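Once you've looked at the hints, dock chains B, C and D against the given chain A.
If you want the building blocks of each chain, they are given just below.
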Amino acid sequence: MNFDLSDEQALLRDTVQRWAATIYPGLEQLEAARRAPLGFLENRWAELAELGLLGLPFAEEDGGFGGGPVELLVVAEALGRALAPEPYLASIVLGGGALRLAGSQAQKDALLPGVIDGSVRLAFAHGEAQARYDLNDVATTARAVEGGYRLDGRKSVVLNADAAQTLVVSARTAGGRRDEAGITLFLVPADAPGVTLAPYPTHDGGRAADVVLADVFVPTEAVLGPQDAALPIIERIIDGGIVALCAEAVGLMEALHELTIEYLKTRKQFGVSIGSFQALQHKAVDMLVALEQARSMALYAAMMVEAEDAEERRVALSAAKAQINRSARFVGQTAVQLHGGIGMTMEYLGAHHFRRLAAIELTFGDTPFHTRRVASEKGLVGAD
Amino acid sequence: MNFDLSDEQALLRDTVQRWAATIYPGLEQLEAARRAPLGFLENRWAELAELGLLGLPFAEEDGGFGGGPVELLVVAEALGRALAPEPYLASIVLGGGALRLAGSQAQKDALLPGVIDGSVRLAFAHGEAQARYDLNDVATTARAVEGGYRLDGRKSVVLNADAAQTLVVSARTAGGRRDEAGITLFLVPADAPGVTLAPYPTHDGGRAADVVLADVFVPTEAVLGPQDAALPIIERIIDGGIVALCAEAVGLMEALHELTIEYLKTRKQFGVSIGSFQALQHKAVDMLVALEQARSMALYAAMMVEAEDAEERRVALSAAKAQINRSARFVGQTAVQLHGGIGMTMEYLGAHHFRRLAAIELTFGDTPFHTRRVASEKGLVGAD
Amino acid sequence: MDLRFTPEEIAFREEVRTFFRTEIPAEIRAKVSEGRKLAREDYVTSQRILNDKGWAVPHWPVEHGGQSWSAVQRYIFMEELMQAAVPLPLQFNCFMVGPVIATFGNEAQKQRFLPRIKSLEDWWCQGFSEPGAGSDLASLKTRAVREGDHYIVDGQKTWTTLGQYADWMFCLARTNPDAKKQAGISFLLIDMKTPGVTVRPIITIDGRHEVNEVFLDNVKVPVENLVGEENKGWDYAKFLLANERTGIARIGMSKERIARIKRLARSTPAGAGTMWDDLDFRSRLASVEIELKALEITQMRVVAAQATRDPTKPDPASSILKIKGSELQQATTELLLELAGPNGLPAQRDEAGHNDMESLFAWADTAAPTYFNMRKVSIYGGSNEIQHNVIAKAILGL
Amino acid sequence: MDLRFTPEEIAFREEVRTFFRTEIPAEIRAKVSEGRKLAREDYVTSQRILNDKGWAVPHWPVEHGGQSWSAVQRYIFMEELMQAAVPLPLQFNCFMVGPVIATFGNEAQKQRFLPRIKSLEDWWCQGFSEPGAGSDLASLKTRAVREGDHYIVDGQKTWTTLGQYADWMFCLARTNPDAKKQAGISFLLIDMKTPGVTVRPIITIDGRHEVNEVFLDNVKVPVENLVGEENKGWDYAKFLLANERTGIARIGMSKERIARIKRLARSTPAGAGTMWDDLDFRSRLASVEIELKALEITQMRVVAAQATRDPTKPDPASSILKIKGSELQQATTELLLELAGPNGLPAQRDEAGHNDMESLFAWADTAAPTYFNMRKVSIYGGSNEIQHNVIAKAILGL
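Top to bottom, those sequences are chains A, B, C and D.
Numbering of the first sequence is given in full-length UniProt numbering, commencing with residue 1 and proceeding in unit increments.
Numbering of the second sequence is given in full-length UniProt numbering, commencing with residue 1 and proceeding in unit increments.
Numbering of the third sequence is given in full-length UniProt numbering, commencing with residue 1 and proceeding in unit increments.
Numbering of the fourth sequence is given in full-length UniProt numbering, commencing with residue 1 and proceeding in unit increments.
Treat the hints as calculated values from the structure; they're not laboratory data.
All figures in this text were calculated on a predicted structure; none of them were measured in a lab.
Note that beta-carbon positions come from the ideal geometry of N, C-alpha and C, so glycine has one too.
It is possible that some hints are incorrect.
[Stated by the list, open to error] To give an idea of the chain D side of the interface with chain A (calculated C-beta under 8 Å), a few residues:
no.	residue
1	E291
2	K293
3	I323
4	K324
In isolation and in its complexed conformation, chain A is listed as follows:
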């Protein structure tokens, strides 16, 4: 048991933190990036490529750096602290995760060099409006036709789809809407005929799109991974997303807690700093407890995301996300409350952390969803 980062990991953390602190020292720089058409600046994405972050999770033989969950933890936490708007989650963790977990060598050879050098971005078009958090709920269809498939359906809230050249799309090749079997993944060029994007900003300052697929033809080679049996891969892609979100949330909460403590120390009321009021002190302590619980569970998620046993992995990841969600809500709400009016305004940096924390709760499963998943399986404590 060892919680220390290796020298390489510590270097990675310092590098990303330094980059983020330089590029996004305050709200002004962040808002400037968000105002760009894609919600971030492409030259920043190129910088992430130069720093080696875009190739981090991919195998060395594919041109990557072979980073694992701890490296992901380190990067996502550092980017989270700074609210960096680049689509690392959408393109590298989710889209890249799909390629990494299910791509053929030919598919990797075709796409990964561009992903790693920043010239190609991916998005993961899986969720649909009716599905909520159920990964098996796919209504989009793929009909086998001569030489390939024709896809029809709508994908909902596809993160950073408008920034992607290639979409990883899930579609039903067999079975009914909620069947576990019968789902297949496809690589679909974003500019393929019949693909229409309806992009929009999201409430956390990010961007997403609904993706309409109308009789979209893809060749047989576009099938990513096994036919009819993509659900376990989709689960693992989302598991990676959960690790990234947990780490990001820890970075956000840490920064927000620091802002709050700073505010309590400097803000004066009734002639004293408000941090001298015991009731506020105790709430600040409860925030710290929630943050430390979340930090522990982000570590746990990273530790368990590659566990062999699927049930054990599922329970662990759900436990982590549930804890992160609960901590995120408490820390976010309490931070706003302790700030008072200023915490309610977009002019205050911490308000943006609060909004992003709220959005994280709604991404890849909320607290009741994940708590129930822990409850409905064997749970975390054996009863033998």
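Then chains B, C and D, alone, in the frame of chain A:
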């Protein structure tokens, strides 16, 4: 809308409060009564009869005083404040409620005079170990035989059964264990052949018993209310019990909150009264909020217990009990916490309030049970 | 004790309920219910309809257009108004500056201002809070210096709700800098068109423009716009704030939101059915309903007790209403956001148009802004921490 | 970073797990698991078995019978011990007075006391708390006046856990009444058989006799029973209390209770099935499991950090463990009581014997006392409010 007590109700409240404060001024007197074989002193029961409390809920033509839910509220709250150990709930509210709601004139004539003058006590033997809070779950059977019935089964945690001369027993005359139809109530003398009591103290300082019925014969006249259709009556009996418990809990919480405020004002630590610490002040305020919410719902329970619409009544009573339970847990736990060590000892009066509040949570339905009942019906807020 | 409404009160309830639901335009009420932004005209339209009926300011003295309703009737009126999702008559006009002028203003002020306050011909905003003051309102720094028949006002106000629409501002300013904190403050009425008044928008976390900063730079205010006595403004402010607090539980609003959540849950897909089939969700909803019912009775108890209270002194019980009422308002928005789920993330999805499935979630766009916005209710009107202090001192004697 | 145990650590875990479950009598472990009262002999039996194995005091210096285990091994040992429902080695002996004597005692004291401390030949109790002191421990009033080669001790101690079994008490007494609060206190060892020592039981809300008052009336204590220097006792007490806090999260105990709740839920009738079928109950149980898993990792982080910390200074992070650990211990007892339901009301139902159905609930008798008793964990060892103050000051700098 009028929240004022009538002159008669105010007089009733003052009378009961004065009696309780005189008889149970402190823990010593309370413990002395509890040490009696039945858990209370019979002469005190006679005093309650003299005060007219035992006849309170019964119709004037039956020798009672025709009191309604508000009178019950007033009495139960005043007795609750003082932790009075007399079996008012078991004998008058539950057992008496059964007679009042379902008794034939002959049955009332036979029993009520004794109930009202204190010479006869009743108990309500309905619950069974497997039933938890489900009123329809009755495994005890009554076989029709020549001239009457033979009862077999076990009743569990029958409040103050060892103090009763007559038991109101529910038994299944038709149907399966959890069927709603097929339950019938019987009047069973506590000394009937085949009735065995296994009495015990309860964790709140009261008493109860398991009642074993082994081939107990009762004549046809012992049937109380309609054959096979007692469940709606049982529900109304328990509804009355819920009103009484809600009011009792309000009395207990009020007294416990007063004790806590007194302690905060007088207890010194680090050279100042601990009531000067803001974190403790805010908890004391949260106790008050919980108490006032409970007080409101006790009023609501009293207002709704005689509502015509069964669903409306059920939702209202469940809402009241759920709120009372939640407030009781919070007020009880917080009171112990604010007292520190002294609150953990049986030598401290408030600890007995805490224990009784915990027991009330487990009586006639806990918070999840009643919350689910509110959720599974139309709820409190219409959505038309 | 009889906790039921009388037949007369029930008839009254039916009357106001019918009026709200038939006379106030459905589009306006839908905006309120759905958490969408109201235009200035929506407020004006709604309040004029009430005013024409004589119901814009029923709690005012009869001679100024009030109704001689009982406390229970007033309670019923407000609850039904909120449950029908009618915009509240503008708080600053009807519950703040109006009662202050009616109680402490001179005859000329009453004649001049009150009719236009209740008809919303004049839109008023509040100039109390200042940067750096927060809950410590009395530490305000804005100064008004008497020069002849004018005050010259300099300073900065903040959190000025809907100040962008305002014609007038009622304002606290320090007229005696040497007096102790609460003393030396005066209550001034300022025409927003006066040179030197600048309004700067503040965008809140819901992404909307609801509050403002107001800069007062050498603003000339005629002496006749002083309410009551010079240096007594703190008394009038306390009177006003006590009025603010009693209405703050907003039980009707929470009820309206719960009813809406129930309707939406029935059409919101989840698993093989809808969110209405999710008993866990409904149990959490029921928990809020239960607390809300309890608070409603608590509010009715406070209302019933008002008949025998000194109306110029705040009832500390109103702090309980504030604490619990704001918590429950917030809890309903959390349930709404939970219901929206991942469909609550898009901020302007409608720019893309909907298909049938997405139109089921068209409502979800405003769930997050509503959740964000309602964080304010435990902050403003005296933060919940301040309310705890008030109760600890005034009720518990700690 | 590698959060898994090494193969060696896993082997160690198997070794201690097997030992606990095969060598400690099942009847004793059942009593612990079921929340029943342990007799003095149960503690002694269990600790002697550990002591014979060399495991009663693994955290002591090796020369006094400790083990040269890593922090991780110590952690594994304690977790497995609690999960096997083995009685903790007597805290007062093994975690309090033993380490103090081993660290600050003289050679004679070490020789005389340490072997009997770890074997539980001497049962020790703690004489720190006094009536009226509570969390403000340093305001203690018990006095020790030097007369020749004795101290004469007068005063009163309270909350003396299991003092009714004790042979010895370690005690804080004021030796210099003129010094400031924390100064002037000494650490004395008192033979409970000394004339003038009187133990009075305090019955706690679980109805049990676990704590006591101890009256010290003109008690003669030989000077050789002073630990360390006169008037330096507060330093030794702080050292001891820091030891107390690290173990206080009791994660293994909460895990053991959750496992028991799961087993019991499967056989507890509810509706047409069992409580295990109640997904609402299981979700609430899962919520506690999740927080507990997070706290377990937090504890492991603290353990891992101990390697590089000054062991004589308390880690403020241990306050986090105390707060959350006590909350979770309490939460598990609330779930246990909920599971018991109305069958949790009887206090001594077994006096009546059971049929098959009631025997299903025989366990329920101890649910309420366990719930009542565990209210103490947020009070003792520095109340959770005090822990909040500690963190606010030491970690947050407020």
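For each hint, the structure was consulted:
1. E291: 7 Å, holds
2. K293: Interface hint status for D:K293: holds (5 Å vs cutoff 8 Å).
3. I323: 6 Å, holds
4. K324: With a closest approach of 6 Å, the D:K324 hint holds.
Hint compliance for this structure: every hint is met.
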